[in-house]
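Note that the protein sequences, when read in sequence, are chains X and D.
So for the first sequence, numbering that gives the first Met the number 0 puts the first residue at 0; every next one is plus one.
So for the second sequence, numbering that gives the first Met the number 0 puts the first residue at 0; every next one is plus one.
The hints are simulated quantities; they were obtained by calculation from the structure and are not laboratory data.
We treat Cβ as the ideally placed atom computed from N, Cα and C, and that holds for glycine.
Be careful, since some hints might not be right.
Stated by the list, open to error - Per the computed footprint, the stretches of chain D lying under chain X, defined by three or more beta-carbons under 8 angstroms from a beta-carbon of chain X, are: (1) 32 to 39; (2) 44 to 51; (3) 114 to 121; (4) 125 to 136; (5) 147 to 155.
What the hints assert, rightly or not - So, partial list: chain D residues that the calculated Cβ filter (under 7 angstroms) puts toward chain X: (6) Val23; (7) Val25; (8) Pro84.
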Amino acid sequence: MKPDGRQRPVPAAAGIGLRLPHHAAALADPGAAAWFEVHPENYMADAAALEELEAVAAVRPLSLHAVGLSPGSAEGVNRAHLARLVALERQLRPGLVSDHLAWCVQDGRYFPDLLPLPYTTEALGIVADNVDAIQQALGRRLLIENPSTYLRYADSPIPEPEFLAALAARTGCGVLLDVNNVYVSAMNLDADPGAALAAYLATLPAAAIGEIHLAGHARVERDGVALLIDDHGSPVGAAVWALYERALAALGPVPTLIEWDTALPSFETLKAEAAAAQRRLDAREAQGAREAADARAA
Amino acid sequence: MPALHELQRRLAAALLAAPGGPAVAVDDLIDAGRVPLARRLGVHRNSVRGALCRALALRYPTVERLVGEAFFDQAALAYAAQDWPREPQLAAWGRGYADFIASYAPAASLVYLADVARFDLLLDDLASAQAGERRPRRFVTAWPVDEIRSAVLEEDDAALAAIDLTPRPIALHAWRDGARLRTRRLPPATGDNDERSDEGAP
Numbered sequence: 000m001k002p003d004g005r006q007r008p009v010p011a012a013a014g015i016g017l018r019l020p021h022h023a024a025a026l027a028d029p030g031a032a033a034w035f036e037v038h039p040e041n042y043m044a045d046a047a048a049l050e051e052l053e054a055v056a057a058v059r060p061l062s063l064h065a066v067g068l069s070p071g072s073a074e075g076v077n078r079a080h081l082a083r084l085v086a087l088e089r090q091l092r093p094g095l096v097s098d099h100l101a102w103c104v105q106d107g108r109y110f111p112d113l114l115p116l117p118y119t120t121e122a123l124g125i126v127a128d129n130v131d132a133i134q135q136a137l138g139r140r141l142l143i144e145n146p147s148t149y150l151r152y153a154d155s156p157i158p159e160p161e162f163l164a165a166l167a168a169r170t171g172c173g174v175l176l177d178v179n180n181v182y183v184s185a186m187n188l189d190a191d192p193g194a195a196l197a198a199y200l201a202t203l204p205a206a207a208i209g210e211i212h213l214a215g216h217a218r219v220e221r222d223g224v225a226l227l228i229d230d231h232g233s234p235v236g237a238a239v240w241a242l243y244e245r246a247l248a249a250l251g252p253v254p255t256l257i258e259w260d261t262a263l264p265s266f267e268t269l270k271a272e273a274a275a276a277q278r279r280l281d282a283r284e285a286q287g288a289r290e291a292a293d294a295r296a297a
Numbered sequence: 000m001p002a003l004h005e006l007q008r009r010l011a012a013a014l015l016a017a018p019g020g021p022a023v024a025v026d027d028l029i030d031a032g033r034v035p036l037a038r039r040l041g042v043h044r045n046s047v048r049g050a051l052c053r054a055l056a057l058r059y060p061t062v063e064r065l066v067g068e069a070f071f072d073q074a075a076l077a078y079a080a081q082d083w084p085r086e087p088q089l090a091a092w093g094r095g096y097a098d099f100i101a102s103y104a105p106a107a108s109l110v111y112l113a114d115v116a117r118f119d120l121l122l123d124d125l126a127s128a129q130a131g132e133r134r135p136r137r138f139v140t141a142w143p144v145d146e147i148r149s150a151v152l153e154e155d156d157a158a159l160a161a162i163d164l165t166p167r168p169i170a171l172h173a174w175r176d177g178a179r180l181r182t183r184r185l186p187p188a189t190g191d192n193d194e195r196s197d198e199g200a201p
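If we strip away everything but chain X, and leave its shape as in the complex, we get (with noise of 0.2 angstroms):
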């Protein structure tokens, strides 16, 4: 499934995901960042937000970050909610549309977080129905999003770069390779986040990743037990930036998100943020463009 021709595809770049409040700014600065990302369910009852968006979105790529898809729920898709996502879709004709490998639907009641999916051949089968349904709806490929993990269920026996890729296989879906909850889940279960990154890269074919997400994480400690929250809530953590540089030097350049959602900061200090991975991409295509002068001499 391939953009149709009328989407703005997002580069390559640093974009930033915009929140309501920086509506004014993004819109008095649009070359603050290559693209932008929100998330569809902040715009689905609020008319006047969506206007402004379609002012944004008029004069940069937009992506659309889906919250309450719940791919993983056993009960399937919702979808009256499914309907909003299309139109707001065929309205915006964002690059990018995307959800997250969880679930928050269960008995028609909305949990407003990304709940964990055990990792077996059952949810693979329901979560791939569920991809399969939304992919048909939107008439596009959708990027699902490995989660940060802060329990392992007993029986869950397949890695989650094995459960992605097949899922991946499976339904022509791509990836969302979120930087920061490689390293937060790895953190939380005793994994080494640098060999939870490789497993993913060589786990995944590199076609299938079709955007990077990086936030700040907080370190939560008690009695003497760290765990590390996905709060989205502070400048990218120097751990993540290093991950970040080697997804890219396995990867090339892909579009790649700062997110930061709570506490949340000036558009100055986003701008930076964008800046900073966008150096480093800036880097990646140098030394890209170098290997391949270098292929062609040789």
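Guided by the hints, dock chain D onto chain X, whose structure is given.
Quick look at chain D alone, frame taken from chain X:
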């Protein structure tokens, strides 16, 4: 290991369980490791509860600041227990909150609080309305909810303390002026809230 549907039912029940109430056992589902299971589940429980409280606080900012975060969150979670959101666009959730507050015993001494909530809701509706539906709204109340909202949102404690809380008929007119919300008092009048009006912005 149960089927996914049953696993999700049990985890949802564990997240919905009230603090201090009977716990829903999920320890057979999860490897806790070095971090206690309750703490791991608590991350998700806090995330869900926090999102619900924030969603209502965005819609009812005067109520939140008037009663304080702790009381507001307590009331918000009590409301959520009665009217759990069924859709992910949380900005559309919570229309019944003012009626809930009117019968919420811990807030009984704040007799004007439900009307403060109704006024917040009216203004939130006006702020999020699409261009063709931004007609001015009328609000009739016994309480000076406009003065309360202004004092609270401007954090003017002196103005708040000086408000005359004697009940009397008050009619308010609310409209959008560009991106700004404006209100003014009307002469005391009868009539329903939010009457359809052909008036333009005054």
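Hint check:
1. For the segment 32 to 39 of chain D, the proposed coverage by chain X is satisfied: 6 residues have a C-beta within less than 8 angstroms of a C-beta in that chain, meeting the threshold of three.
2. Counting residues of the segment 44 to 51 of chain D whose C-beta lies closer than 8 angstroms to any C-beta of chain X gives 4; at least three are required, and the coverage claim holds.
3. Beta-carbon proximity to chain X at under 8 angstroms applies to 0 residues in the segment 114 to 121 of chain D; the threshold of 3 is not reached and the given coverage is violated.
4. Coverage of a stretch by a chain is defined here by at least three residues with a beta carbon nearer than 8 angstroms to that chain's beta carbons; for the segment 125 to 136 of chain D and chain X the count is 6, and the condition holds.
5. Only when three residues or more bring their CB closer than 8 angstroms to a CB of chain X does the claim for the segment 147 to 155 of chain D stand; here the count is 0, and the claim is violated.
6. Hint on D/Val23 is violated. Least Cβ distance to chain X is approximately 13 angstroms, over the 7 angstroms limit.
7. Because the closest C-beta pair between D/Val25 and chain X is about 9 angstroms apart, greater than 7 angstroms, the hint is violated.
8. Given the 7 angstroms rule on beta carbons, the hint for D/Pro84 holds: about 5 angstroms separates it from the nearest Cβ of chain X.
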